[in-house]
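Asker: Chains as they are written, first to last, in the numbering used here: chain A, 57 to 139; chain B, 57 to 139; chain C, 17 to 167; chain D, 17 to 167.
Please note that the accuracy of each hint is not assured.
Straight-line alpha carbon distances no greater than 20 Å define the calculated SDA-like cross-link-like pairs of lysine to any residue that follow [unchecked claim]:
1. D:K142 with A:R85
2. A:K127 with A:A105
3. C:K142 with B:A88
4. C:K142 with D:S117
5. C:K142 with B:P135
Away from chain A, derived, C-beta distances all over 12 Å, residues of chain D [said to hold, decoys possible]:
6. S21
7. G52
8. Q86
9. R102
10. A154
11. R166
Honestly, the hints are just simulated from the structure, not real lab data.
Predicted, not measured: the structure shown is a model, and the values here were computed from it.
For every residue, glycine included, the Cβ atom is placed at its ideal position computed from N, Cα and C.
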Amino acid sequence: MSITILYFASLREALGVEREQLSLPPGIRDVARLRVWLLARGEDWAPLAAPRIRAAVNQVLASDATTVADKDEIAFFPPVTGG
Amino acid sequence: MSITILYFASLREALGVEREQLSLPPGIRDVARLRVWLLARGEDWAPLAAPRIRAAVNQVLASDATTVADKDEIAFFPPVTGG
Amino acid sequence: MAQVSINVQHEDFDAGAELDALSGNGAAGAVASFLGYVRGGDAGGILAMTLEHYPGMTERALADIVALAQERWSLLGVRVIHRVGRLLPGERIVFVGVAGSHRGEAFSACQFIMDYLKTQAPFWKKEETANGAHWVDARDSDDAALARWRP
Amino acid sequence: MAQVSINVQHEDFDAGAELDALSGNGAAGAVASFLGYVRGGDAGGILAMTLEHYPGMTERALADIVALAQERWSLLGVRVIHRVGRLLPGERIVFVGVAGSHRGEAFSACQFIMDYLKTQAPFWKKEETANGAHWVDARDSDDAALARWRP
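So that you can see chain A by itself, here it is in the shape it has in the complex (with noise of 0.2 Å):
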């Protein structure tokens, strides 16, 4: 399964990354277990456990229970604070 995945605004700094191709194991079935799975890749990703943290798949604001699949964009970001 590959996805894209964005990272926004101070996310996206603390990271120092702002977009990733990535292919996924079998089981990464919604955001929860994806953004598990992202941080069990080391400590570097850690600003992406903050519970402020929200998440979109398909450009739409997502929950935890949000589904994940093939050639989805998944978009992780702060609070926004836009007006």
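Put chains B, C and D on the given structure of chain A with help from the hints.
Answerer: Just chains B, C and D, lined up with the frame of chain A:
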């Protein structure tokens, strides 16, 4: 006691009067008494009796109990519809 | 202290310029505004609208309304323009703009001023249609809008 | 059907022209609007503000927010412009304008759209001050403002 009375909008048109200078007899101490006295002048003044007609004394919204004094500017008008 | 400016006039005005002035070159973070127009087109076939007012009392009533708003909210600027005389469909009638540090107070104060203006400021509208001219009736919904600001 | 137009852009815009377009030459009686600015002057010594966004999702989120407003109120026109990139103190950031037949629905929908935009649309602000640059924190009061629209 000498006062000025102004009439506005539909009331002005119904009465055919825009402005009056009047000398009032003693005892016309408030808006309620003034209205009764004005109405007593004849049935042409009946439009002034409608409960929806508002009053102002010296350019401030008034109630029946608002005092009327020498040289006051009194106004009668229908509910406002600006904006 | 908020900068307050109130005008009752026949002439039209430039709403964009009024908004720019309210922002104070960034001193305010938020500007909420309201514009009322003479409805035209299909809306009841209005040919023209004449606004009568009570000179002197109008300005005083508007100043009192703005002062009430300033007692309730911390505002950076308030601008009220109300036109009088004969206006055509599509023309601006009223502009109320409020500048504040945050949007909540700007929105609330702008709506408060409009609700009070609609029920307390001595303006009267007379519509001309193909069937003649008639004075516009006051709307109960305007009294209801006012009521929610009362304690 | 309300006329809806949404833009996310770096360029500035003419708020007065946007208001004129919303009034539809008098088809609408009421236009409520909001303008947000980069605060300047004394307000914390901001030298510049950079707005980052999530291209694609931003436009979609704004369209969803406007659609929600249209489900709640009968609107004649909605205009949303949000700027991105680096902006200086006093510059406009956001414009939301709503045209309706009456002021109540225009005010409510404008405030609703701003409250949702502030909490749901993927924009992020980074401030530059003399002490360096930092990301602006989300405000709890924005979540509170959103909560009152929920059933």
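Asker: Compare the structure with the hints numbered earlier in the document and write down the numbers of the violated ones, lowest to highest.
Answerer: Hints 1, 2, 3, 7 and 10 contradicted; others consistent.
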